Amino acid sequence: MNESHLRRMKDLPSTHLLGAGTPMCAGCGGLQALHEIYDLLGAKTVFVNAAGCMTLLSVYPFTPFRGSWLYTAMASAPAGAQGVRDALDILIQKRRIGREEDLETVVLTGDGAAYGMGLSATSAAIERNLDFLYICYDNEGYGNTGQQYSGATPHAAKTSTSTGPSGYAGDKKDLFAIWAAHRPAYVATVIGAEPLDLARKIEAAKQLRGPRLIIALAPCPVGWGYSPEETVNVGKLAVKTGIWPLKEYIDGHVIHTKVPRSRLPVEDYLKVQNRFAHLFTPQRDEAMLVSLQTKVDDYWKNIA
Amino acid sequence: MYRIRFHGRGGQGIKTAGRILGNAFFHEGFQVQDAPRYGAERRGAPIFAYVRASRDVIHERGIIRHPDLVVVADDSLVPVPAAGILEGISRRTVLLVYSHDTDATWQARLSTSAKILVLPPPKKPTEVPEQGSVGAACVGAAARLIGVISADALRRAIEDELADAGPVVVRENVHYALDAYEYVGEHQGLVKEGGEPSARDYERPAWISLPFEDARVSAPAIYAAATSVEVRTGLWRTLRPVIDYARCNRCWWVCGSFCPDSAIDLGDQGYPQIDYDHCKGCMICVAQCPPHAISAIPETDAEQEQPAEIEP
Numbered sequence: 001m002n003e004s005h006l007r008r009m010k011d012l013p014s015t016h017l018l019g020a021g022t023p024m025c026a027g028c029g030g031l032q033a034l035h036e037i038y039d040l041l042g043a044k045t046v047f048v049n050a051a052g053c054m055t056l057l058s059v060y061p062f063t064p065f066r067g068s069w070l071y072t073a074m075a076s077a078p079a080g081a082q083g084v085r086d087a088l089d090i091l092i093q094k095r096r097i098g099r100e101e102d103l104e105t106v107v108l109t110g111d112g113a114a115y116g117m118g119l120s121a122t123s124a125a126i127e128r129n130l131d132f133l134y135i136c137y138d139n140e141g142y143g144n145t146g147q148q149y150s151g152a153t154p155h156a157a158k159t160s161t162s163t164g165p166s167g168y169a170g171d172k173k174d175l176f177a178i179w180a181a182h183r184p185a186y187v188a189t190v191i192g193a194e195p196l197d198l199a200r201k202i203e204a205a206k207q208l209r210g211p212r213l214i215i216a217l218a219p220c221p222v223g224w225g226y227s228p229e230e231t232v233n234v235g236k237l238a239v240k241t242g243i244w245p246l247k248e249y250i251d252g253h254v255i256h257t258k259v260p261r262s263r264l265p266v267e268d269y270l271k272v273q274n275r276f277a278h279l280f281t282p283q284r285d286e287a288m289l290v291s292l293q294t295k296v297d298d299y300w301k302n303i304a
Numbered sequence: 001m002y003r004i005r006f007h008g009r010g011g012q013g014i015k016t017a018g019r020i021l022g023n024a025f026f027h028e029g030f031q032v033q034d035a036p037r038y039g040a041e042r043r044g045a046p047i048f049a050y051v052r053a054s055r056d057v058i059h060e061r062g063i064i065r066h067p068d069l070v071v072v073a074d075d076s077l078v079p080v081p082a083a084g085i086l087e088g089i090s091r092r093t094v095l096l097v098y099s100h101d102t103d104a105t106w107q108a109r110l111s112t113s114a115k116i117l118v119l120p121p122p123k124k125p126t127e128v129p130e131q132g133s134v135g136a137a138c139v140g141a142a143a144r145l146i147g148v149i150s151a152d153a154l155r156r157a158i159e160d161e162l163a164d165a166g167p168v169v170v171r172e173n174v175h176y177a178l179d180a181y182e183y184v185g186e187h188q189g190l191v192k193e194g195g196e197p198s199a200r201d202y203e204r205p206a207w208i209s210l211p212f213e214d215a216r217v218s219a220p221a222i223y224a225a226a227t228s229v230e231v232r233t234g235l236w237r238t239l240r241p242v243i244d245y246a247r248c249n250r251c252w253w254v255c256g257s258f259c260p261d262s263a264i265d266l267g268d269q270g271y272p273q274i275d276y277d278h279c280k281g282c283m284i285c286v287a288q289c290p291p292h293a294i295s296a297i298p299e300t301d302a303e304q305e306q307p308a309e310i311e312p
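The listed protein sequences correspond, in order, to chains S and G.
Counted the way my numbering counts, the first sequence spans residues 1 to 304.
Counted the way my numbering counts, the second sequence spans residues 1 to 312.
If you are wondering where the hints come from, they were derived from the structure by calculation, not from laboratory data.
Note that the structure is predicted; figures quoted are calculated from it, not measured.
Just so you know, even glycine gets a beta-carbon here, dropped at the ideal spot from N, CA and C.
Certain hints may be false.
Claimed, not checked - If you want the ones that stay clear, here's a sample from chain S, every Cβ over 12 Å from chain G, calculated: (1) 8; (2) 10; (3) 29; (4) 66; (5) 73; (6) 171; (7) 229; (8) 264; (9) 289; (10) 303.
Claimed, not checked - Pairwise CB distance ranges, derived in the manner of DEER restraints: (11) G/212 / S/91: 28 to 38 Å; (12) G/216 / S/56: 50 to 60 Å; (13) S/177 / G/165: 55 to 65 Å; (14) G/213 / S/94: 52 to 62 Å; (15) S/300 / G/124: 16 to 26 Å; (16) G/36 / S/83: 56 to 66 Å; (17) S/163 / G/120: 34 to 44 Å; (18) S/163 / G/113: 28 to 38 Å; (19) S/253 / G/292: 55 to 65 Å; (20) G/213 / S/99: 30 to 40 Å.
Unchecked claim - Output of the computed footprint for chain G on chain S, the stretches with three or more beta carbons under 8 Å from beta carbons of chain G: (21) 107-119; (22) 126-132; (23) 175-183; (24) 242-255.
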């Protein structure tokens, strides 16, 4: 990332390419990340989407994009991207379109598709070394249908299908590690609350060919239970507590791009979200809080 | 048949209010239909709920065009055309508005022949229901105005509907509903049942004839970029962020980058400008602006003041 021309905040785009007027909720952390990403990717892109909140972005006749959009079944977005990429390659090969008309193929899905239903199609696309960019907006549940748990839901979070006293019993899958284990060209985690880190990673991904995969943690006011104006604060807390490590995988190495110097207690992140309220009221679940903190501490123990 | 139309915003418990009223009617031996309608299933977006109740079988379907009672849980929706609050109301319609303003103010503002009643939020700030319970207060008043629903049936309906939310939520919502039920006591039975329209009374749909044309002509939007700007999501907003340009230090990036909706761009001078046609009122910019140059004012005040939208 050293060669990036994005050195400081003033290098960030100041006008926006993604159209306003989308049906995403007020304060949507996913849309925040997407507009920051789209400002850099630009109009020469074709988006391939799988069912999720963002499917509502492009509902005829309205679209916030300046290019094409293809909607696929929930598990099939990377397969759809393969078709689009192949079609573009064939058109270029046959000189039906010029190289300057080529488009970047971008898969855009939520965590339901990325961590679960679409994982096998993604695995296969990386295996075929498909030249595409995958953007997952991860709001840690099936947000569009009322926040049922997904493979991305963190341990102990309440969802509409994990309503018991201790919340979701499973653990959030490490999708970064799963994707990186395929040895694709690039994998990164980002968050809308850290726009410069995000922008550098998108710039890095743009320079590469092959499978490039980005996971954007997407704070969700409705699904996580906090007031919409808190989206950036919640996102920053996710980074500062070490819950959401910002990192990238490139050339076989994982680099942490933002190591919180003195990590805030995980509790600071949990207590501002209603989905974790049962850990604090009616009485503190000390054992659970300690175990969640320990998991984060263990992660960072081996890092810089 | 009673026909009741609720108007509110996503997150105010409007869908639930419709269900509670439906259940309460049911406890009183009525046949009931209740159905919510929402375009964008999103917090802040206008939402409708319809309740029909009759002693006989209900054959009517679809949205309620000629309501006997219109309940407005959020008075900032009244001037919003898409919310359609005044649609199909007549002299015999009762309009219940949850508002700080008085009956007389609303009567003057709306110049309608409908009977207008205001349900004010409680005076004590600690008594004011949270957004999610405004619907419960409205349904309490609605039940009394209809006049055929007992306080007991109302309580049972709330207990049934909110059982999953736990006893605290049930207790609070019963409290808000019964307070409102008491408040409008003198108007018990003000809402009268509407008649059964015959098929002849149905209005013809307002079809417009369009000649068949090539897709490039008839649907040019397919080829256009960023057509979503035609959707004015600004009407979702209950609070308006307003920039004090004297305090803005032209940082370049904070409000514009963090605004999820691409609703803040920089002007020529490096000052940010908010696109009020599309700002959904999330208030992230207010929370993040380093010199606190952006403040939130109620949309109802903003409409009257029309603050300067241009940079200095």
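Here's how the hints hold up against the structure:
Listed as outside the interface, residue 8 of chain S is inconsistent with that label: its C-beta sits roughly 9 Å from the nearest C-beta of chain G, within the 12 Å cut-off. Some Cβ of chain G comes within 12 Å of the Cβ of residue 10 of chain S; the nearest lies about 5 Å off, and the non-interface call is violated. Distance check for residue 29 of chain S against chain G: the nearest CB is about 7 Å away, which does not clear 12 Å, and the non-interface claim fails. Not every CB of chain G is more than 12 Å from the CB of residue 66 of chain S (nearest about 4 Å), against its label as outside the interface.
The claim that residue 73 of chain S is not at the interface with chain G holds, since no C-beta of that chain comes within 12 Å of its own (minimum 21 Å). The claim that residue 171 of chain S is not at the interface with chain G holds, since no C-beta of that chain comes within 12 Å of its own (minimum 26 Å). With a least CB separation of 4 Å from chain G, residue 229 of chain S falls inside the 12 Å interface cut-off, contrary to its annotation. Residue placement check: residue 264 of chain S keeps its beta carbon more than 12 Å from all beta carbons of chain G (closest about 18 Å).
With a closest Cβ-Cβ approach of about 22 Å to chain G, residue 289 of chain S is found to remain outside the 12 Å limit, as its non-interface label requires. In this structure residue 303 of chain S is separated from chain G by more than 12 Å, as the shortest Cβ-Cβ distance comes to about 27 Å. At roughly 31 Å, the beta-carbon separation of residue 212 of chain G and residue 91 of chain S lies within the given 28 to 38 Å, and the hint holds. Against the hinted window of 50 to 60 Å, the Cβ-Cβ separation of residue 216 of chain G and residue 56 of chain S comes to about 26 Å, which falls outside the hint.
Look at residue 177 of chain S against residue 165 of chain G: about 38 Å separates their beta carbons, and that is not inside 55 to 65 Å. Distance hint check for residue 213 of chain G and residue 94 of chain S: the Cβ-Cβ separation is about 32 Å, which falls outside the suggested range of 52 to 62 Å. Judged by the Cβ atoms, the range 16 to 26 Å given for residue 300 of chain S and residue 124 of chain G is violated: they are separated by roughly 48 Å. With their beta carbons about 38 Å apart, residue 36 of chain G and residue 83 of chain S fall outside the hinted range of 56 to 66 Å.
Distance hint check for residue 163 of chain S and residue 120 of chain G: the Cβ-Cβ separation is about 36 Å, which falls inside the suggested range of 34 to 44 Å. In this structure, residue 163 of chain S and residue 113 of chain G break the distance hint of 28 to 38 Å, their C-beta atoms being roughly 48 Å apart. The hint said 55 to 65 Å for the Cβ distance between residue 253 of chain S and residue 292 of chain G, and at roughly 42 Å that hint is violated. Range check, residue 213 of chain G to residue 99 of chain S: about 35 Å between beta-carbon atoms, so the 30 to 40 Å window is met.
A count of 0 residues in the region 107-119 of chain S with a Cβ less than 8 Å from any Cβ of chain G is obtained; the coverage claim is therefore unmet, three being the minimum. Chain G is given as covering the region 126-132 of chain S, and this is violated because 0 residues of the stretch bring a CB closer than 8 Å to a CB of that chain, at least three being needed. With a threshold of 8 Å between beta carbons, the proposed coverage of the region 175-183 of chain S by chain G is violated, since 0 of its residues qualify and at least three are required. Restraint check on the region 242-255 of chain S versus chain G: 0 residues with Cβ-Cβ distances below 8 Å, three needed, restraint violated.
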